[in-house]
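Colleague: In case you want the letters, here they are:
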Amino acid sequence: MTDLAIVVAIGVGTYGLRLSFIGALGTRPVPPAIERPLRFIAPAVLGALIAPALVRPEGVIDLGPGNLRLVAGGIAALVAWRTKNIAATTAAGLLALWLLDTAA
Amino acid sequence: MPASSARTAALDGVRAALPVLLGVAPFGLIVGATAAATEIGGLVGFLSSPIVFAGAAQIATIQLVDQGSTALVVIATALVINSRHLMYSAGLAGAFGDFPLRWRLLLAYGLTDHLFVLASIRYERLIDPVGRRWYALGVALTLWIAWQAASAVGVLVGAAVPASWNLDFAVPLVFLGLMPGAVRDRPALAATLVAGATAVVAAPLAWNLGLVAATLAGVLTGVILDRGRP
Chain E
1 MTDLAIVVAI GVGTYGLRLS FIGALGTRPV PPAIERPLRF IAPAVLGALI APALVRPEGV
61 IDLGPGNLRL VAGGIAALVA WRTKNIAATT AAGLLALWLL DTAA
Chain C
1001 MPASSARTAA LDGVRAALPV LLGVAPFGLI VGATAAATEI GGLVGFLSSP IVFAGAAQIA
1061 TIQLVDQGST ALVVIATALV INSRHLMYSA GLAGAFGDFP LRWRLLLAYG LTDHLFVLAS
1121 IRYERLIDPV GRRWYALGVA LTLWIAWQAA SAVGVLVGAA VPASWNLDFA VPLVFLGLMP
1181 GAVRDRPALA ATLVAGATAV VAAPLAWNLG LVAATLAGVL TGVILDRGRP
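From first to last, the protein sequence lines are chains E and C.
Those letters in the first sequence? Residues 1 to 104, by our numbering.
Those letters in the second sequence? Residues 1001 to 1230, by our numbering.
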């Protein structure tokens, strides 16, 4: 199988995963028993995407002050909470990590 | 709905997506640069951006091809990593339900982590179905163009970006910036914290399964704490 054929197979499969419920449900209303849990997917997936990147940057759990990504992420979290601004949060986190890296 | 309102909604989507590009662009650069430097090569590596349009699965594909994995293992791994799109599809099915079929076929192709989160936030207030679909299209198109451009630039400039910039760190930072919009009450905050803790512990699980397990744990927490609320 060529590399391109592998990529195409992944692309087709991924499209199927994305279309699944959106394509099948149509105009039928979502049952309330399903709708309630759905509102927690976004907050949950954000926590699951962020936490390992901050707490296990090198693959092992590191909660100490020597983990610069955790410290920079904490500073970025404060900025996120105060400003509710994605660009300010990202800039603050990158700048904090660069300064900590340079100082270390 | 007049055309001007559709345009307003689309521009609203473009505006919402612009700050997110701070994380999308570096990730795309990394995908392109990694592809160009490994077995899969710059051309097929770049083509994975329009064909798959999912960064984590593309990186995994590039790495597994480089390690000489069999086609079946590469495909299965990438699809398990992308299984979170099943959750996103379920999450948006209700909001997309009254769109014409061709809109649903198109927007499904553009469904990503960022579109899901941005739409989940915005749809709490945006009721009109025409506005909702143009908003989603504005977000999706902005992200799509940026992703293709960034991975192409990554293929071309390769390792020219200094590692000391830590640009890969922009990816979790953008998700952090999205949190205040997505986490509105205590059950939602609990869902975030439980999912985060679970993801840290479950990170060694193969195929990125930790992400799905953690999300399910977070959703379950939110549902339990949400019981009895109106």
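It is worth saying that the hints were derived from the structure and are not from the lab.
Heads up, a few of these hints could be off.
[Stated by the list, open to error] One side of the interface only, derived from the structure: several residues of chain E facing chain C at Cβ under 8 Å: (1) Phe21; (2) Asp62; (3) Gly73; (4) Ala103.
[As the list claims (entries may be wrong)] Covered, in the sense of this in silico footprint (three residues per stretch, anywhere, with C-beta under 8 Å from a C-beta of chain C), are these stretches of chain E: (5) 3-9; (6) 38-47; (7) 50-58; (8) 75-88.
[Claimed, not checked] Part of the chain C face toward chain E, derived, beta carbon under 8 Å: (9) Gly1042; (10) Gln1063; (11) Gln1067; (12) Tyr1123; (13) Val1153; (14) Leu1156; (15) Gly1158; (16) Ala1195; (17) Val1200.
Yeah, the Cβ is synthetic: ideal placement off N, Cα and C, and Gly gets one too.
Colleague: Holds or violated: the hint that Gly73(E) contacts chain C, with Cβ atoms closer than 8 Å.
Modeller: For Gly73(E), the interface hint holds, since the closest Cβ of chain C sits about 7 Å away, which is under 8 Å.
Colleague: Holds or violated: Tyr1123(C) as interface residue toward chain E, Cβ cutoff 8 Å?
Modeller: violated (10 Å)
Colleague: Is the hint on Gln1063(C) kept, meaning its closest Cβ partner in chain E is under 8 Å away?
Modeller: violated (13 Å)
Colleague: A closest beta-carbon separation below 8 Å is what the hint needs, so does Gly1158(C) meet it against chain E?
Modeller: Violated: closest Cβ of chain E sits about 18 Å from Gly1158(C), beyond 8 Å.
Colleague: Against chain E, run the beta carbon of Gly1042(C) and see if the smallest gap drops under 8 Å.
Modeller: violated (12 Å)
Colleague: Tell me if chain C covers the segment 3-9 of chain E under the three-residue, 8 Å CB rule, please?
Modeller: holds (count 7)
Colleague: Identify whether the interface hint at Val1200(C) stands, where standing means a beta carbon of chain E within less than 8 Å of its own.
Modeller: holds (5 Å)
Colleague: Could you check if Ala1195(C) really has its C-beta closer than 8 Å to a C-beta on chain E?
Modeller: It holds, given that the least Cβ distance between Ala1195(C) and chain E is near 4 Å, below 8 Å.
Colleague: Report holds or violated for the interface hint on Asp62(E), using the least CB-CB distance to chain C and a cut-off of 8 Å.
Modeller: violated (10 Å)
Colleague: Does Leu1156(C) hold up as a contact with chain E if the rule is Cβ-Cβ below 8 Å?
Modeller: Where the cut-off is 8 Å and the nearest Cβ of chain E is about 19 Å from Leu1156(C), the hint is violated.
Colleague: Can you tell me if the segment 75-88 of chain E counts as covered by chain C, using C-beta to C-beta distances under 8 Å and a minimum of three residues?
Modeller: holds (count 9)
Colleague: Given Gln1067(C) as an interface hint, is its Cβ closer than 8 Å to any Cβ of chain E?
Modeller: violated (13 Å)
When each numbered hint is compared with the structure, violations occur for hints 2, 4, 9, 10, 11, 12, 13, 14, 15.
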